[in-house]
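Enquirer: The residues making up each chain are set out below.
2 protein chains.
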Amino acid sequence: MAAGLQPSIASAAATSTASSAIVEQWGLFEVELHGPSTGNPYKDVTLSGRFTLNHRTVEVAGFYDGDGIYRIRFMPDAPGHWTYETASSTPKIANKSGAFTCTPPVTANNHGPVTTTREFHFQYADGTPYFPFGTTCYAYLFTAEENAKNSLAGMKQAHFNKTRICVLPKPLGRDREKQILPFPRTGTTNDLTRFNPAYFQLLERRLLDLQKAGIEADLILFHPYDAWGYKSMGAEADDFYLRYAIARLSAFRNVWWSIANEYDLVKTKTMHDWDRFFRITVAEDPYGHLRSIHNSGPIYDNTKSWVTHASLQRYDFEKSAERRAAWRKPIIYDEIQYEGDVERRWGNLSAEEMTRRFWLAIVNGVYATHGEVFISETGESSWSDAGRLRGESGPRIAFLRALVEKITTVGLNEYEGSYYLSAGTPNQLYLYYFDYHRPARYNFPLPTTVNFSATIIDPYNMTSKPLPGVFSGKSLIQLPNRPYQAIVFQKVSDNHNKNTVAAKPEVND
Amino acid sequence: MAAGLQPSIASAAATSTASSAIVEQWGLFEVELHGPSTGNPYKDVTLSGRFTLNHRTVEVAGFYDGDGIYRIRFMPDAPGHWTYETASSTPKIANKSGAFTCTPPVTANNHGPVTTTREFHFQYADGTPYFPFGTTCYAYLFTAEENAKNSLAGMKQAHFNKTRICVLPKPLGRDREKQILPFPRTGTTNDLTRFNPAYFQLLERRLLDLQKAGIEADLILFHPYDAWGYKSMGAEADDFYLRYAIARLSAFRNVWWSIANEYDLVKTKTMHDWDRFFRITVAEDPYGHLRSIHNSGPIYDNTKSWVTHASLQRYDFEKSAERRAAWRKPIIYDEIQYEGDVERRWGNLSAEEMTRRFWLAIVNGVYATHGEVFISETGESSWSDAGRLRGESGPRIAFLRALVEKITTVGLNEYEGSYYLSAGTPNQLYLYYFDYHRPARYNFPLPTTVNFSATIIDPYNMTSKPLPGVFSGKSLIQLPNRPYQAIVFQKVSDNHNKNTVAAKPEVND
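Heads up: the sequence lines are chains A and B, in that order. Note that our numbering numbers the first sequence so that position 490 is 490, with each residue one more than the last. Note that our numbering numbers the second sequence so that position 360 is 360, with each residue one more than the last.
Hints were generated in silico from the structure; no laboratory data involved. Hints should not be assumed to be uniformly reliable.
[Stated by the list, open to error] Negatives, chain A to chain B, calculated, CB over 10 Å:
1. Ile22
2. Thr52
3. Thr103
4. Pro439
5. Asn443
[Said to hold, decoys possible] Incomplete in silico selection of chain B near chain A, CB under 7 Å:
6. Asp77
7. Tyr124
8. Gly127
9. Phe131
10. Ile375
11. Arg438
12. Pro483
These figures come from a predicted structure and were not determined experimentally. Think of the CB as a built atom: it goes at the ideal place given N, C-alpha and C, for glycine as much as any other residue.
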């Protein structure tokens, strides 16, 4: 077993042709091989493994992990008896074979990787619904232990099930000099032909901590926040790093690929580069983990086939319908500005405004991602790098997540013609959010064929008040005399009462 | 003196060639003539007056006021000895002449009519600054006395200095059958070749009440809210009514012309009609009162020469800069939705949201107009028709008006490149509004050459907190830890201290 890796990962020292290892479905099976440590094994040695279950074979790249150790990682997607065989330019680690038994999942929250479904939504590979309610902790993977611990605690506390994190380091203020780096560095010179395995080993331990906590890792492969020259390494080094990262990380089931953060701010790269990174990722990741790219200004062309979902820096949720129509993919508004109190416009939302934006996302049929940044006079790392969660929107976002998970298994689709913002599933579910409107009452145009329960929700105060009785057809309901309130109608039964008043279509006025 | 008209109006029974009447500048001088009442004097008799001061002659149309009485109204725009002479198709009222003395204004709040100035702003004819902080009372001119009284009291209480009001009646719910109408009506048949003078006399009394209270009357000439066929009278009757209205009303100094409300909802008229109404108004109104036209959906082409300012139904203030650039005229967002609690989306803003929108308008270099509509179970008329003011934004709007009037005489221009929304006059005045942002502090990029006072403002709680000291150049200031706050910097003196840190331009991030 590789040092620091968790019990859900089975590994085999593949020195023989047989192995009795057991790994759960979507767990991580690792073949450890011992080979040459001279020269530059990162560049000089090729390594791959072919994993076979019955008629199906999956080929995956291996990687050099330092100290003469080579690894091939594999995430089996089906139970059964898998066999494998290695191939390498170095005879010592070539033609090694073995086998393992893949069992159905045994870890409680192991539902496999997240995939897209029903055009605009997500689910786990085993069909379990997954609704992203994520946050942003860019430096979580490489920050000091204390910060990472605080981040993880905060993510658990606020029930976040996804986080956006950087693979390459981001300079961390006064801690910059102490940071662990992914490439060997002498003075100000990077050796971009080799890696620092310790960097990736740390990253992987933290990735597994997320996995154990049921948190998806939206791994940002490139970004513009650089102090070491990593944003302008040149195409050869970029691709070399990308392939290495994919070889190491793609067998972790909670991985998503975010090709870049604020791609348009990385001025050293062109659209050609971004497209190439996508193509490499498609080719090298045998599991087809989710793929997106995050903008600052102009939005990437999300119609391109390799994009699985849109990852936007925007908060103009009213454009969701036209974006869905153009892209036909799920949309996550992955930066909607941050809760906080800093000087920058993007970092000083109130918890109320952050809560409002999450609700706007949901009733617009899309998803949103949290971020937080408060002024720290102590030099303490801010949440959106990695650190303590200090804001007050977390519990409200958890409240919304719990609500969504309670009322739907298929995700909420926006009712695009709705007079007030609403989303749901026709004849089943209607979730209204009134935003700044505060009608004293509203005549809800419910279907006549269904009886609905109704629950008034205060998103910020996190209260739910079920109304007595059932509702069908035109239903005049008194509402709280305050803005930012919601109501949800859930199907109780079919309605066979012919006297129900049919709702007229709403006039857009 | 005409019945019901106020003391500031001088009238002369022009039966002789001499008169010793006295009227103040921008007051209303009225010539009353007695002529035929048989046939249809509205159609059959032409009447006009030529008013002369020294070398200048102004020709104005007269009108028939019923009972054999004809009137010519004139608003002199300069002090001096004016003479006049009438012309008519009816000899009995033709060639009457007279004179009056126009004095400088004596009424306290008489600054003349409002005009546009400095591209994007307004002022009175005497140069006194005028910043529109208006409201909406569509039925004020023709509603029951009690409602009109309540409206006027509410406008005074909230210090509104403009109101949008309809000239043609709007059906008023259960009072509809009792409404006074502008045209004779038999059963369901209108006689569109005559007017009901009593309708216009009532309207004029109320117009004068507004004038006495210092409130500009944005007179809506056409609108789609109709129960009698007035929105589809045909071009001939439209023009006949328009000319009559202008002849009667243009001598009131507080008149503005709003060609229509929600012009695009009047489906019986075309763009040709709207343009013609503008042309007639330009031709018939000798004083050049302000002219605009109010949309529901598509905005009228405000570049047309006859438009003096834009009157928008919108609340997308972020588009103000591009609209100013396109139109080069003042912009009033004349319907920004209403404070209230009704079911319709446009009528249930909180007072906080209404206050916020007024502030957004001001820091975007434009103006806004209030409206209010609360559910009344008693059938009581709602404010935006005419009635009691029940909302809570009124005092906040008055607070903002008082602030604007205190800090500027020339109006606030948006700083289009400002990192946070701000408006003012370069090197003199900087008013920031933080909207939903709540930075704990901000490094304001003030000019280094000027010393400024700073005052933190809470727009909703209506507090102003002057900060000690003066500020120049880069100025880091602690701000309240809440959204929807403002700060104003006012020039105190020139700064000759060479050590002031120059502010770097803000980067748009």
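Enquirer: Does each hint hold? Answer for all of them.
Expert: Evaluation of the provided hints:
1. Ile22: Its Cβ never comes within 10 Å of chain B, the nearest being 51 Å, so this holds.
2. Thr52: holds (51 Å)
3. Thr103: Label holds. Min Cβ-Cβ 50 Å, cutoff 10 Å.
4. Pro439: Incorrect as stated: the minimum Cβ-Cβ distance to chain B is 5 Å, not above 10 Å.
5. Asn443: Incorrect as stated: the minimum Cβ-Cβ distance to chain B is 6 Å, not above 10 Å.
6. Asp77: violated (42 Å)
7. Tyr124: violated (35 Å)
8. Gly127: violated (39 Å)
9. Phe131: This hint is violated: Phe131 of chain B lies away from chain A, its Cβ roughly 25 Å from the closest one there, beyond 7 Å.
10. Ile375: This hint holds: Ile375 of chain B lies near chain A, its Cβ roughly 5 Å from the closest one there, short of 7 Å.
11. Arg438: Given a least distance of 5 Å, the restraint on Arg438 of chain B holds.
12. Pro483: holds (5 Å)
Going down the numbered hints, you'll see the structure goes against 4, 5, 6, 7, 8, 9, while the others check out.
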